[in-house]
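Undergrad: Listed in order, the protein sequences are those of chains A and B.
Mapping to our numbering: the first sequence position 180 is 180, numbers consecutive.
In our numbering, each residue's number is its place in the second sequence (first place is 1) plus 1000.
The set of hints was computed from the structure by calculation and includes no laboratory data.
Don't take every hint at face value.
[Stated by the list, open to error] Per label pair, the in silico range of CB-to-CB distance: (1) B:Asn-1145 / A:Ser-70: 46 to 52 Å; (2) B:Gly-1106 / A:Arg-9: 53 to 59 Å; (3) B:Thr-1030 / A:Phe-186: 19 to 25 Å; (4) A:Thr-123 / B:Gly-1210: 45 to 51 Å; (5) A:Arg-146 / B:Ser-1040: 48 to 54 Å.
[Said to hold, decoys possible] With a straight-line cut-off of 30 Å between C-alpha atoms, the simulated DSS-like cross-links for lysine-lysine are: (6) B:Lys-1165 / A:Lys-208; (7) B:Lys-1208 / A:Lys-165; (8) A:Lys-5 / B:Lys-1208; (9) A:Lys-17 / A:Lys-5; (10) B:Lys-1165 / B:Lys-1005; (11) B:Lys-1126 / B:Lys-1107; (12) A:Lys-208 / B:Lys-1208; (13) A:Lys-208 / B:Lys-1107; (14) A:Lys-32 / A:Lys-126; (15) A:Lys-165 / B:Lys-1165; (16) B:Lys-1017 / A:Lys-208; (17) A:Lys-126 / B:Lys-1126; (18) A:Lys-17 / B:Lys-1032; (19) B:Lys-1032 / A:Lys-208; (20) B:Lys-1005 / A:Lys-17; (21) B:Lys-1017 / A:Lys-5; (22) B:Lys-1208 / A:Lys-107; (23) B:Lys-1126 / A:Lys-17; (24) B:Lys-1005 / B:Lys-1017; (25) B:Lys-1165 / B:Lys-1126; (26) A:Lys-17 / B:Lys-1017; (27) A:Lys-32 / B:Lys-1208; (28) A:Lys-126 / A:Lys-165.
[Stated by the list, open to error] Here are a few chain B residues that sit away from chain A, every Cβ distance over 12 Å (derived from the structure): (29) Asp-1003; (30) Lys-1005; (31) Ala-1046; (32) Tyr-1064; (33) Ser-1070; (34) Phe-1135.
Backbone N, C-alpha and C fix where the C-beta goes; we use that ideal spot for every residue, glycine too.
2 protein chains.
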Amino acid sequence: MKDAKTISRAVINRIPKYYRFLCGLQRNGTQKISSGELASLMGVTASQIRQDFNCFGGFGQQGYGYNVESLINEMSDILGLGVSVPMILIGAGNLGRGIANSLDFGKLGFELTAIFDSDRMFTGLKVRGLPVRCFDELEEFCAVNRPRAAILCEQSGEVRETVLKLTELGIHTFWNFTQYDIDDVFPGITVENVCLSDSLMTLSFRMKNG
Amino acid sequence: MKDAKTISRAVINRIPKYYRFLCGLQRNGTQKISSGELASLMGVTASQIRQDFNCFGGFGQQGYGYNVESLINEMSDILGLGVSVPMILIGAGNLGRGIANSLDFGKLGFELTAIFDSDRMFTGLKVRGLPVRCFDELEEFCAVNRPRAAILCEQSGEVRETVLKLTELGIHTFWNFTQYDIDDVFPGITVENVCLSDSLMTLSFRMKNG
């Protein structure tokens, strides 16, 4: 594999999609697939698939097709899915609860270990079997359990302060669902921003200007 | 404004972010801003902002700065936020309920008018004040109320069939949260795919190869 830092964001963003497609193929009994077949299923070009795969060492011998199971295993390794990183959720409102309850974190490289909300209204509520904790417990929890990633689902405007506090507690990886873009504000952290309202506005634009 | 079809996806994806930033500035009392100031706040270059804005007609006189309120109004028009398109939600599970309850659809160009789930376990449950309906009611509801967009939050593997049925009922705009990429399968529809598991896998890769 190339140095991960030299692989473009566009390529990195496509790897989970390849992985997802290949898992679907495996469920349907496919054992071997050519880049051409995979390309036509995914609506991309075979050349793009070969170029993308080459960033990670190629995954197989050209002309012979790819072994689906090996490809899945190699991609799982690359994506780090076999290593469960302890992750906490900040914000137990509607969206936070929806995300906590709908994803299979264990299959995606993480383990949800605690849920916090600054609003004491939620304290003690069980979400996915975990009791919602108040912010007062955050410091001690992190000292003892050392979570390394956080999902940010706070609705309020204090995201900046929360991120600052979490970085001091050793968390530098964020899955950010808030309205605040945090990547440029805090250097040295890893962030995936998922701004649902941006996505819906983009859909509005595309529909109304289609 | 240029023909919307000639504006690149990258530019279109940035417009909601500009809009969101500008609304934040307006809440803080800012009335005027230069492209340089906006660029530094958003972590992009002033030249990118000017180029992006030029796709939509420029929005102001170079050298004099932008009037924040006018810019917000023009972007709102471009994004079509003033026109509420009736939208239905398919899938009243954890993620569907989380999305239905956490977004201000009215401010984002849509109105959530009904919720459907194929699982009768959910029938009658109230989500955001709307009763969850069973699939049997879909056809009549669409004939009477003419929704034009759908949020897809089904967990099962029948997304393709659902999309096919919905297109027959006059819905061609989809906000897709399922594991199934539908844009290439059905030509002539408008889709925004939000695949949360892809996003979390990307975060896993970036954290573990950082």
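Undergrad: Now tell me if each hint is right for this structure.
TA: Results for each hint:
Range check, Asn-1145 (chain B) to Ser-70 (chain A): about 50 Å between beta-carbon atoms, so the 46 to 52 Å window is met. The hinted window of 53 to 59 Å between Gly-1106 (chain B) and Arg-9 (chain A) is violated, with their beta carbons roughly 33 Å apart. For the pair Thr-1030 (chain B) and Phe-186 (chain A), the beta carbons lie near 23 Å from each other, so the given range of 19 to 25 Å is met. With their beta carbons about 34 Å apart, Thr-123 (chain A) and Gly-1210 (chain B) fall outside the hinted range of 45 to 51 Å.
The hinted window of 48 to 54 Å between Arg-146 (chain A) and Ser-1040 (chain B) is violated, with their beta carbons roughly 36 Å apart. At roughly 22 Å between alpha-carbon atoms, Lys-1165 (chain B) and Lys-208 (chain A) fall within 30 Å of each other, so this suggested pair holds. Between the alpha carbons of Lys-1208 (chain B) and Lys-165 (chain A) the distance comes to roughly 22 Å, so the proposed pair stays at or under 30 Å and holds. For the hint pairing Lys-5 (chain A) with Lys-1208 (chain B), the CA-to-CA distance comes to about 11 Å; that is within 30 Å, so the pair holds.
Restraint check: the Cα-Cα separation between Lys-17 (chain A) and Lys-5 (chain A) comes to about 20 Å, which is no more than 30 Å; the hinted pair holds. Taking the CA atoms of Lys-1165 (chain B) and Lys-1005 (chain B), the gap is about 27 Å. The hint holds against a cut of 30 Å. A distance of roughly 22 Å separates the Cα atoms of Lys-1126 (chain B) and Lys-1107 (chain B); the hinted pair therefore holds under the 30 Å criterion. Distance check on the hinted pair: Lys-208 (chain A) and Lys-1208 (chain B) sit about 40 Å apart at the alpha-carbon level, beyond 30 Å; violated.
Between Lys-208 (chain A) and Lys-1107 (chain B) the alpha-carbon distance is near 15 Å, which keeps this suggested pair within the 30 Å criterion. In summary, the hint linking Lys-32 (chain A) to Lys-126 (chain A) is not supported, as the alpha carbons are separated by about 44 Å, beyond the 30 Å threshold. At most 30 Å may separate the alpha-carbon atoms for a hinted pair to count; Lys-165 (chain A) and Lys-1165 (chain B) exceed this at roughly 48 Å. Between Lys-1017 (chain B) and Lys-208 (chain A), the direct Cα distance comes to roughly 18 Å. Compliance with the 30 Å bound is thereby established for this hinted pair.
For the hint pairing Lys-126 (chain A) with Lys-1126 (chain B), the CA-to-CA distance comes to about 21 Å; that is within 30 Å, so the pair holds. As the CA atoms of Lys-17 (chain A) and Lys-1032 (chain B) are separated by approximately 42 Å, the hinted pair breaks the 30 Å bound. In summary, the hint linking Lys-1032 (chain B) to Lys-208 (chain A) is supported, as the alpha carbons are separated by about 29 Å, within the 30 Å threshold. Proposed proximity of Lys-1005 (chain B) and Lys-17 (chain A) is supported: the alpha carbons are some 26 Å apart, at most 30 Å.
The straight-line distance between the Cα atoms of Lys-1017 (chain B) and Lys-5 (chain A) is roughly 26 Å, inside the 30 Å bound, and the hint therefore holds. Note on Lys-1208 (chain B) and Lys-107 (chain A): the hinted pairing holds, with a Cα-Cα distance of about 15 Å set against a maximum of 30 Å. Between Lys-1126 (chain B) and Lys-17 (chain A), the direct Cα distance comes to roughly 34 Å. Violation of the 30 Å bound is thereby established for this hinted pair. The straight-line distance between the Cα atoms of Lys-1005 (chain B) and Lys-1017 (chain B) is roughly 20 Å, inside the 30 Å bound, and the hint therefore holds.
For the given pair, Lys-1165 (chain B) sits about 24 Å from Lys-1126 (chain B) by alpha-carbon distance, which is consistent with the 30 Å threshold. Of the supplied pair hints, the one linking Lys-17 (chain A) and Lys-1017 (chain B) holds, its CA atoms being roughly 25 Å apart against a limit of 30 Å. Distance hint between Lys-32 (chain A) and Lys-1208 (chain B) is fulfilled; the C-alpha atoms sit about 29 Å from each other, no more than 30 Å. For the proposed pair Lys-126 (chain A) and Lys-165 (chain A), the alpha carbon gap of about 24 Å is at most 30 Å, so the pair holds.
A beta-carbon of chain A comes within 12 Å of the beta-carbon of Asp-1003 (chain B); the shortest separation is about 9 Å. The beta carbon of Lys-1005 (chain B) is not kept farther than 12 Å from every beta carbon of chain A, the shortest such distance being approximately 8 Å. At roughly 15 Å, the least C-beta separation between Ala-1046 (chain B) and chain A is larger than 12 Å, which holds for a residue marked as non-interface. With 12 Å as the threshold on Cβ separation, the claim that Tyr-1064 (chain B) sits away from chain A holds: the shortest Cβ distance comes to roughly 27 Å.
No beta-carbon of chain A is positioned within 12 Å of the beta-carbon of Ser-1070 (chain B); the least distance is around 18 Å. For Phe-1135 (chain B), the non-interface assignment is confirmed: its Cβ lies about 20 Å from the closest Cβ of chain A, beyond the 12 Å cut-off.
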